Every structure is written in structure tokens, then in C-alpha cells.
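K.L.:
With the hints as constraints, model all of the structure from the sequences given.
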Amino acid sequence: MALEFTTVIGLEIHIQLNTKTKIFCGCSTDYIGAVPNSHVCPVCTGQPGALPVLNKKVVEYGVRGGMALHCKINKLTRFDRKNYFYADLPKAYQITEYYVPIAEGGYLTITGDDGKPHRIGITRLHLEEDAGKLVHGAADGRIVGSVQSFVDYNRGGVPLAEVVSEPDITSPREAREYVSAMRQLVRYLGISDGDMEKGSMRVDANISQKVSDGRWGNRVEVKNMNSLKALERALEYETLRQRDLLTRGETIAQETRNWDDADGITTPSRSKEESNDYRYFPEPDLPPLLLDDEYIEHIRATMPELPDAKRERFLSQYGLPYEDVLVLTETPELANYYESVVKAECNPVRASNWIRTDVMRVLKEQNQDITSAPIAPDVLAQLIRLVDDKKISTTAAKDVFEKIVQNKITLEEAIKVCGVQIGAVEGDKLAGIISAVANANQDVVEVIRSGQDKKDKKLKFLMGLVMKESRGQAKPDEVLKALSEFFSKN
Amino acid sequence: MELYRLSASEIVNGVKTGAFTCTDVVKSCLGRIKEKEGDIHAMLYVAEDAAIKRAAEIDAEIAEGRDPGPLAGVPVIVKDNICTADMPTTCASRILEDWVPPYDATVVIALKNAGAVIIGKANCDEFAMGGSTEHSAYGPTMNPWDYTCVPGGSSGGSAAAVAAGYAPLALGSDTGGSIRQPAAFCGIYGMKPTYGQVSRYGLVAFASSLDQIGPFARSSEDMRLIMSVLCGFDPHDSTSENRTVPNFCKNDSVLKGKKIGVLTKLVEGKLSPDLQASMDAQIDNCRKLGAEIVEVSLPKALEYGMACYYILAPAEASSNLARYDGVRYGMAYKDAHSLLDLYVKTRAAGFGPEVKRRILTGTYVLSSGFYDAYYLTAQKVRKVIKQEFAQAFTQVDAILLPASPTPAFKLGAMSSPLEMYMADVFTIPVNLAGLPGISYNTGFNSEGLPLGMQLIGPRWSDAMLLEMAATLGKDSEGKIAEGGVR
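These protein sequences, in sequence, are chains A and B.
So in our numbering, the last spot in the first sequence is 1190, and the numbers never skip.
So in our numbering, the last spot in the second sequence is 488, and the numbers never skip.
Just a sample of chain B residues kept apart from chain A, beta carbon distances all over 10 Å, derived:
#1 E39
#2 G271
#3 I285
#4 K358
#5 R359
#6 Q389
#7 T396
Below, in silico cross-link-like pairs of lysine-lysine (DSS-like), each with a Cα-Cα straight-line distance of 27 Å or less:
#8 B:K302 / B:K261
#9 A:K1116 / A:K1098
#10 A:K1154 / A:K1189
#11 B:K412 / B:K358
#12 A:K898 / A:K833
#13 B:K347 / B:K336
#14 A:K775 / B:K382
#15 A:K782 / B:K382
#16 B:K347 / A:K833
#17 A:K1064 / A:K1108
#18 A:K1090 / A:K1103
#19 B:K358 / B:K347
#20 B:K388 / A:K775
#21 B:K336 / A:K833
#22 A:K1168 / A:K1155
#23 B:K347 / A:K782
#24 A:K775 / A:K756
#25 A:K775 / B:K385
#26 B:K385 / A:K782
#27 B:K358 / A:K782
I should point out that these hints are in silico values taken from the structure, not numbers from a laboratory.
Quick caveat, the model's predicted, so the values are computed rather than measured.
Just so you know, even glycine gets a beta-carbon here, dropped at the ideal spot from N, CA and C.
P.N.:
As C-alpha cells, this is what we get:
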């Protein structure tokens, strides 16, 4: 009988919190691209005698993250020292919450492989400091072949929230879904930019296989996955590798492996797996942190609407299809834009259509995001209303939209530039267009008059010309009526 | 009279009234250092030029009619484990040889802002680990009253410097008695303030939950002066407490109606006869000054304090001292072929034996599998000791104890580390409980060595404690050691 496998994945995500200053000192966290060791001070370089002072904003962000993940918030928490030697760790210990994390026991809901909501358990969220960065002297920046290494402490002391999941994730796709949902959550909360490429969100995966014959493959830790795509690919590769070994009756080495994005494989981590004894103990330089009920309630009361709740509300409040809602709630900024348009009094469904197709196309062309929307929400709403009130046609509206976006002009100016007449083309105006079209197409008119236009082909041709002349602002049935009047008169 | 003999308050008066200049005072102190340093070796760095330059600035300020502050023109010596941005801070260790910190400790800034002139850095046991200053990597300090004896430790250089007249004031640090014991050995005042009373920012950490900076002085008035400058909340130290600075003002009748606790049974037989006699005399003195003597009992503090301390302090030290790895500052082994090699060779060459012993002990007690048995148990004992003191202070206002079981001992006399550790039995529990403690001189023994007593009070009783010590010590204060070999 063929073996069946179940993939078991747990993720650890380090999320850089986007506070202005570091977790234990006043240095700026805006270090990307900065001159090495220019964002440092005695505290974050571990100078003898320097002491940490906890950044209150970091605590607030930790509580917000914990609440968003449905965790229990620990009112009495404290920091511990994780002791180990490495050149990027200036004090030779990392200050972290080991014994009592600020938040524990929650969940994050994703769309499971079966298409249904799947709750991924959150073991804990704890706060800690980031380490510095080593730069090696070899040409490719790697340690192999380099005769010297440099250390940049700009990143040292940047606040991190580490979120540890339960091993509830059952496929590489779910892993990607989970990280993507986490990224969306931190962006909604405004506590991190969640950018994996920039390293502000770093994911380590633990992956193993359960075999239908009762065997359990050893757990493998996979690191160095720098994008959602890399994460999924690495875990797919690792799934196949582990299943292959297990199928052949071999055992999986319990080890740490690095994802090589270029070659598309994982390789055993070169740094030999040391069984580190971190000698955790309470950080004596920081008193225990006591969060009172009032503080916790204040945070709870000021929590933003989170993705799940927003999606639910959009579905019921605006009557949009689920696919639309998914797109519109991708970021809080886009959702806000959508709601601003709707609030400026226009049809919610049409607002959704315009934003998802026209606005987002322009953003993509201009390589911008919704924070620099090409058209103000109230202008878009006005435009949509003109169409709804049959003041202008959809075709005309698209023209006007393009002019506003490309030429950065007002709605009124755009309407003028496009030569659009506000209001429907009818009555004398329509009659005028018809006689002009008839004059220009005497041959066609003759054919119709002679009764040879059996299938009304020529009539439809004329009608098309009239519609074009009216820039779509004439109603087809009115045009038809006016045309038959024209032929009956003459 | 030579100006180095003056107290800090006399100097402040003199420079402000123009009786003499700050430059005169600083030069006199520097001369005294030159005269005695060959015998005493209390200093690791003398900032001669910088001190004279700073003195001239103070003089100029006064000449312009400005007030340089409450310590105007007073020379101060700082223990070499307190960061000074313009002088090396070695912690008496090879591993920080020539290291100049990129910043001033909060207390150093406070001294400078008060008009003090920092004239140099004092010797100590390496990273403040020891009770004799024999563990300095740069050689021991001799007791200014008898060059064959130790000045105590770890702040032995600071205590010896003040006793010998190098400066009227010095800073030390006290983790398990490192201010109170050398003050007693050198016949001066030495105070360990309540934990949280004085900022630790810039004090190179030995055991963070026990360390506290405090002053040495020959006169009680000078202690009031400097304590007023040192105390206060520091936003850079999360363990410093935001509360009003105590009012340090003279109070001769502080002992009237007070209850003073003694530990007759626990102390008996543990003291050298001269200290026992001094202790008895102090008890009589307390009574004469209107205090009631009450027998208290601190069985756990005195029985388990030592063991508790020698788990917690090394545990914290093993972590605090891990940063000396040759990467950022201090000594670095030049020919390392790997990061590990750099760590191992730098630390092997940079640390002395006592420091290594404590790092090893601390690493061991924090190791997985031993943590619960050692560190956690010690934390529980610490809590019990705190409660024991809290209980005692419901019965008495202060406790009178010697600072050490004996007066200053001979250099090299302590043959084993354990013997040395036992000498701290009366001072260590105070650090464990975060209490203030002060040593004062009660006189001299037949060999001319100072005899010191210690007063311990409840948390935040620093001002009262200082007044008690001042009242009891006033007849024997202010002497300057002239040295010699007995």
C-alpha cells in the first residue's frame, strides 16, 4: 500500500516593530541604507556601565499584536537575558521575554487548503531586541573566503515581536497564507511594515512529516527565506525531500537547513548545530513590567478594525461579492479609500468596480500605492454619480477619468477637454445629429428608403454612427425612435 | 596648614570667599598624591593637567561672580569602575586596559555640575570582585595607616585615597560591602545608599541587582554635601527610583528616642576582641545619646546571606562580563584565527583569577539543570532575607553591626577565596535586601589600625542613618593617615 504523508509546519516570525526609536535607547530605528554604526549609542553597543530603558511604545505595540491574535495579555511580565556569544550581539546577551511573554495562547484565521477558515494556534508573542549585522569581507559578502568581517550595530536594539505558532500549518500554501495574513495584520495595526524583502519580517519554519505507517519524521528548521514565494518554495522542496527520504526508509536528520533561492534547494546549515545553553535569567536592569487594567482597556478601546471584521462588514454593509471584498480590504489604506468614495455618496458596487479596475490599473502603471491615489475619492464619487444619473455615458466617464489622471486636472476641466455634454443627447439635438449623419451617408439612407434593408443592418449602422456622434450620451431606444421618425417624415 | 588636609566644606567656603583658589587646593592634593603614592598605590590614573585646567575654570567662574555649585572646587577621586569620558576606566582589569568610555556616568556628570574637580581614578579589586584590593590587575593598594595591611575592598583605592588626604571625597561602589568595609579599614565614613537612590548609569556592572554607588569622606558634613549631589532619579537607570531627594542636614539629637537593634548572640565570638570592645562601647554610646538598645535576630540573613550572595552575584557577573570579547573595546587578542579563538584567548589573558572564578561559578549556577537548584533557590532566600529585615525594622529604627569581623588584615593574609568571602558576612545581607548602610570610625586599636562600625536602616532611611553615624562618629572623624609600617 502506498504511504501517505501529512505535513506538519510551525512558524516563528520575527517582526520588526516600527517605533521611531530602539527598544532600550533613544537611537533611531531608521537604519536602512544608513552609514554603518551611525545609529548607535553606549546602550545599543553594550558599552560597559550603560543601562537599558524600556521604550513604552514597544510594549503598546506588543499588546496590540497580542490582542489582534486573540492572545491572553500577561499583566505582569518581565525581561530576561538570553546569554550567548556572537559578534553581532554587543552585550553577549539578548534581552527578551523568555519566562513570561507579554501575550500567549491565541490564533490567526487563514483560508485552509479545503477553502474553509482554518485557525492556526499562536503559542506566544514576546518582545525582544534585534541584533546587529555582520558584513564579511569576501567579494560576495559571505564568510567563506573572507579574511575580515565587519559589524554594524545600527540594527542592534531595534524592537522585535517574535510570534511563535503552534504546529497547525499543514502545507506550504497554508504557511504562505499564514505569513501573508500576519503581514496584513501588522500593517492594519500599524506596528510594522511587514516587509520580508527588507527583513522587517523574518520567518523560520519547522517542518516535519507524519507517515501513514505510524512513523514521524524528525523536525527540520528552515531558514533564509526572504519572500513569501521563497517560503512556499522552500517548504515545498523540503516536503518532497523529507517524503522521499521517508519513502526510502531513511531517517530525517534533525537539523537546521538554509534555503538557497537561486538553486531552489535547502542545504544543511554550515554552522554546526550547537546545543546552546542560553542560561536565561531575569534581567536585573529592568524592573518587572506591570500592566494595569486601565492601560489594557485603553489599548483595547483604541484597536483599529482588523481584516476579518472589516471583511465581514464590507460584505454585509455594501453587498459586495467576496472576491471584491478581499481586494478592497487588502490594506487598510485601500479600504479607507473605498469607504471615502462610498461616503461621498455613490453606489458601493460601482465604486468597487471603478477602484478595482481603473484606479488600481493606474496605480500599477504609475507604480504607486493607494496613499497616492490618482483621483480624489469625492471626485471619483462625482464621476460615478454622473453616470448613474445618466448625465454622461460610461464611455464618456472613462475618457474623463483618463484625462483627470493623466493631466491632473479637475473634473470640470476634464469634461470640457473631452467635449462631453453634461446631460443626455435627445430632442432637437438628437434630431440635428441624425440629419447630419443622414447627409453624410446619403447612399445608406437611399438603401433603407428603398426597402432593401431587410435585416435592418443599414439602420443599425446609422444608429452606431449617431451614438458615436453623441459620445454615447444618447439612449439607444431614443435614437431608434428618432431614426424611425426621421424616415417616416422624409 | 596644607590645603589637602581641609574638608570639602572648608574648601567650598575657602574658594568661594577667596581665602584660597581651587587651583591651590588641587595642586596641594596632587602634591600629596605624589608624596604618598609610592607607598600606598591608591590611584590607577591621576588627571594632573586636566584637574589643574578644570580648577582654573572654577577659579574663573568664581572671579566672574558665578557660583560653581555645592562642591565648588572640591577635588574628588572616582573608583575606576565608574565611567569617565576624559579618563581611562579600567575596572583594574587588563581586559579594559587604556579603555576610555565614550560617556560620563550620571554621578560623574552630577559631580562636575556641582563644581567638583575629578583628579583621578582609584584602584580597586578587578571588576569590584574582592575585599582587599589585592585582586587589582595593576597591583594592590596599601592601607594608609599601615602599609603592610590591606585597605579593604573592593573600593580600597578610594578609601585609602581619602584617608591619606589625596582628596576629601571619593566615590566607590558597593555590591557586598565594597564601600563599608574599606571605609572601616581606613577609618573614614563610607556609605552604601538604598538601592535605587543613586544612579548606576555608567557604573560598570558587577552584579546589577546588588551594585550601588556611594561616597567616602573623612567628615560627616562632607558626606551630607556629596550625598545631596549624588542622590536623585535618573531616567537612564530603570532601577533608580523617582522620589524626592532626602534632606541631608545635621541632626545631633537623631538618636534620642530611637531604637537601635543589636545582634549580640549572632555576633559574639565572631569578632576580634578590639572590635568587640568597640562594639560594646558603641552600644553604651547609643544609650548615652538617648537610644534604646533592642536585641534583634536576623538568623537567615547571617546564616544564608553568604551562600545566597555567592550564587546571585556571580550569576549576574557571568552575564555582565560576557561583553568583554575583544570585538568592540578593550583588550583584543591580535592573532586570533577565528571568532571563538578571539573570545577564548582575549578572555583568558584579560581576566584575573578571581574574576574567572566568579564567571565560572555564575555560568555553572545558571546552566540548565542547575538553575532551579541554585539561582531560583537563592532568589527565594533573598526574598526571605528581605522579609527578615523588614520584620526587624518594625521593632527598631536601625541596626548596629561591625562592618567586618576584624580590622584591616595583612596583605596576603587571606589564603583562600572562601576565607576572604567570609569577611563580608556583615555587609552582604544589606545588599541582598537593597538597604542603606553606612560605616563610620570609632577609634583605633592598639596597633593604630582603625576600627569601624556599620549602621543599617530600612530602605530610604539614608538621611537618618547618616545623622546617626555622624553623631556616633563625630569624636573620631577627620583624621588623616600619615602612614608607616608597624
